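**Q** Listed here are the chains, written in short residue letters.
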Amino acid sequence: MNAHCVTPQQVDWSRSRPRDRALDRSIVSLVPQGARVLDLGCGNGDLLLRLKADREVEERGVELEPGAVAECLSRGLSVIQADLEESLADLREGAFDVVVLNQVLLATARPLHLLTEALRVGRRVLVSFPNFTYWRIRSQIVFKGRLPVNPTLPYQWYDTPNIRLATVKDFRALCQEKRWKVHKELFVNLDRQDHPRTVRFWPNMRAALALFALERGQG
Amino acid sequence: MTQIVKRPETLPEIRPPEVRRLEPVRTQTVTFEGPGETLHLESGQTLHPVTVAYETYGQLNDARDNAVLVCHALSGDAHAAGYYGLEKDEKPGWWDVLIGPGKPLDTDKYFVISSNFLGGCKGTTGPSSIDPATGKPYGLDFPFYTVKDMVQVQRRLLKHLGVPRLLAVIGGSLGGMQVLQWAISFPEMVRGAIPIATTARLSPQAIAFNEVARQAIMSDPDWNGGDYSLDAQPERGLGLARMIGHITYLSEQAMLRKFSRRFINGQGRSFCLTKDFQVENYLHHQGSSFVRRFDANTYLYITRAMDYFDLEAAYGRLSTAFSGCRCPFLVASFTSDWLFPPEQSRELVQALRRVGLDVSYCNIESDQGHDAFLLPGHRMGDVVAGFLERLTRMAAS
Numbered sequence: 002m003n004a005h006c007v008t009p010q011q012v013d014w015s016r017s018r019p020r021d022r023a024l025d026r027s028i029v030s031l032v033p034q035g036a037r038v039l040d041l042g043c044g045n046g047d048l049l050l051r052l053k054a055d056r057e058v059e060e061r062g063v064e065l066e067p068g069a070v071a072e073c074l075s076r077g078l079s080v081i082q083a084d085l086e087e088s089l090a091d092l093r094e095g096a097f098d099v100v101v102l103n104q105v106l107l108a109t110a111r112p113l114h115l116l117t118e119a120l121r122v123g124r125r126v127l128v129s130f131p132n133f134t135y136w137r138i139r140s141q142i143v144f145k146g147r148l149p150v151n152p153t154l155p156y157q158w159y160d161t162p163n164i165r166l167a168t169v170k171d172f173r174a175l176c177q178e179k180r181w182k183v184h185k186e187l188f189v190n191l192d193r194q195d196h197p198r199t200v201r202f203w204p205n206m207r208a209a210l211a212l213f214a215l216e217r218g219q220g
Numbered sequence: 034m035t036q037i038v039k040r041p042e043t044l045p046e047i048r049p050p051e052v053r054r055l056e057p058v059r060t061q062t063v064t065f066e067g068p069g070e071t072l073h074l075e076s077g078q079t080l081h082p083v084t085v086a087y088e089t090y091g092q093l094n095d096a097r098d099n100a101v102l103v104c105h106a107l108s109g110d111a112h113a114a115g116y117y118g119l120e121k122d123e124k125p126g127w128w129d130v131l132i133g134p135g136k137p138l139d140t141d142k143y144f145v146i147s148s149n150f151l152g153g154c155k156g157t158t159g160p161s162s163i164d165p166a167t168g169k170p171y172g173l174d175f176p177f178y179t180v181k182d183m184v185q186v187q188r189r190l191l192k193h194l195g196v197p198r199l200l201a202v203i204g205g206s207l208g209g210m211q212v213l214q215w216a217i218s219f220p221e222m223v224r225g226a227i228p229i230a231t232t233a234r235l236s237p238q239a240i241a242f243n244e245v246a247r248q249a250i251m252s253d254p255d256w257n258g259g260d261y262s263l264d265a266q267p268e269r270g271l272g273l274a275r276m277i278g279h280i281t282y283l284s285e286q287a288m289l290r291k292f293s294r295r296f297i298n299g300q301g302r303s304f305c306l307t308k309d310f311q312v313e314n315y316l317h318h319q320g321s322s323f324v325r326r327f328d329a330n331t332y333l334y335i336t337r338a339m340d341y342f343d344l345e346a347a348y349g350r351l352s353t354a355f356s357g358c359r360c361p362f363l364v365a366s367f368t369s370d371w372l373f374p375p376e377q378s379r380e381l382v383q384a385l386r387r388v389g390l391d392v393s394y395c396n397i398e399s400d401q402g403h404d405a406f407l408l409p410g411h412r413m414g415d416v417v418a419g420f421l422e423r424l425t426r427m428a429a430s
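In the order they appear, the protein sequences are chains G and A. Each residue of the first sequence is one higher than the one before, starting from 2 at the first, in my numbering. Each residue of the second sequence is one higher than the one before, starting from 34 at the first, in my numbering.
It is possible that some hints are incorrect.
To be verified - Calculated lysine-lysine pairs in the DSS-like style (CA-CA distance at most 30 Å, straight line): (1) K136/A x K53/G; (2) K192/A x K136/A; (3) K121/A x K142/A; (4) K142/A x K53/G; (5) K170/G x K145/G.
Just so you know, the hints here were simulated from the structure itself, not pulled from any lab data. Every value quoted in this text rests on a predicted model; they were computed, and no experiment measured them.
Sequences are here, hints too, so could you generate the full structure?
**A** Here it is in structure tokens:
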């Protein structure tokens, strides 16, 4: 791993758990019954278990943190311990119906390469990330002059696994530039109990989390 | 200084978890003889008859689909779990942490089979067995055999036991090589493969250690060109071979934790060349206890079988070797294993994934080195149990 990357052992993943699970229902709704699903950065396998139960998917996971991998395997999931990008190199084009990148894209060194690879091995790619132009984040920066620490970005600047920042507009622009077909967009913010509430208007300002369903082929 | 521990007024009642032992186990044997039972070995030679020592734990169910074959490593044997008697000081089988009621290889659910591999010296025909042609131990007249040959013999044992298909094959180190070979040789018989702390081929470094071990045995005058009586073994050479082996099975961290630089007498330097450090004591103990239970010629042959195992050479490419496999794999390695390093397991995972197989992989954190797969205290058991449950579910659907 590159010296500038955050090693997984340093991150307390439990802090981002509510955020990481907030979009699970939405993700499940975008996965067809019986699909072959690859969850990149699957953590302890919560989403994969849910997909198995609700959608009877054929599941595969990739995770780097050894404790989380062991937990996945103890739960009877098919998961390998590997670097996300490297793990995709062994896979054939279109090997999966759905590839999930749930709250991991911003923690990777080469997000564009990862997305391109995900779109190569999967017909549909579900990407979620925290939206950095959410109004609460904007106001924290503007009025407090500090980088935000909140339920969707629950880490301090010095211990965050996110080495990238992105916004809804940024991601849309990327999809347009790369001519990726956006099958669906979904935006939410979290209420006081960390439950997701759908955002329909001005997502770049009003949504804390974004979920994009990309599909292969020209848009 | 004695520490005074104040006891609480009322002690909480602690109930120990229910520990159920296996019923006393026994090693059984079966001999394959008669026409059509000749074993044709990869070396081109043949062997006849062949006796196999084995143990089983749990019950084969009516559907005959709950059998798990356990493959042992270099110095193991058929006694994988439980106790022969009920004496307190008796050591259980070598993988008792994994096999038994309520354990990961749960004998309430699975029918577990363990056999001493071909060429072993614990009841299965090997160099220390009596050659029926001469009435003397085979010694160096014993034909060379390979991991593939071991698997052929295990398959005959399964036929004898009435097991048409295995839920899983599991093993570590040389046992893991047998697991890989099983999935390749008999894909229709294996529902799941669990190679642990193993490799598709030994590194030249590991072959080098094997060679030094063999040279230690063969340079002992008592070895006598392989012609020794079984009660007069080349003890020094075999003990030395085992000492070399043990250095490679541990890790630097494990040695530091276990022995540090402590002296045997607890004081300091004795200015002698005999054992002075505790780590030396450990190696000597391992060497001498091994001599009592193992045969020198067998050690020569088994290490050679490990050296010769090379799936890439045998099938052209590693992924080609696995192209006929059908079952899910669970590959596990240990972070501090430098004899069968995690990198070699990752190569396996890569090749298996390339041919589109269902592969799980975990690099388990342990400072115990290669030996970790035999020891408790890490998550290997949970991981294996989860995988077996998944296989059971898949078999049922």
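**Q** Give a verdict on every hint.
**A** Each hint tested on the structure:
Between K136/A and K53/G the alpha-carbon distance is near 26 Å, which keeps this suggested pair within the 30 Å criterion. Between K192/A and K136/A the alpha-carbon distance is near 26 Å, which keeps this suggested pair within the 30 Å criterion. A C-alpha spacing of about 27 Å is found between K121/A and K142/A, which places the hinted pair at or below 30 Å, so the restraint holds. With a CA separation close to 24 Å, the supplied pair K142/A and K53/G stays within the 30 Å bound.
Our distance criterion of 30 Å between C-alpha atoms is met by K170/G and K145/G, whose separation comes to about 24 Å.
In summary, this structure violates none of the numbered hints.
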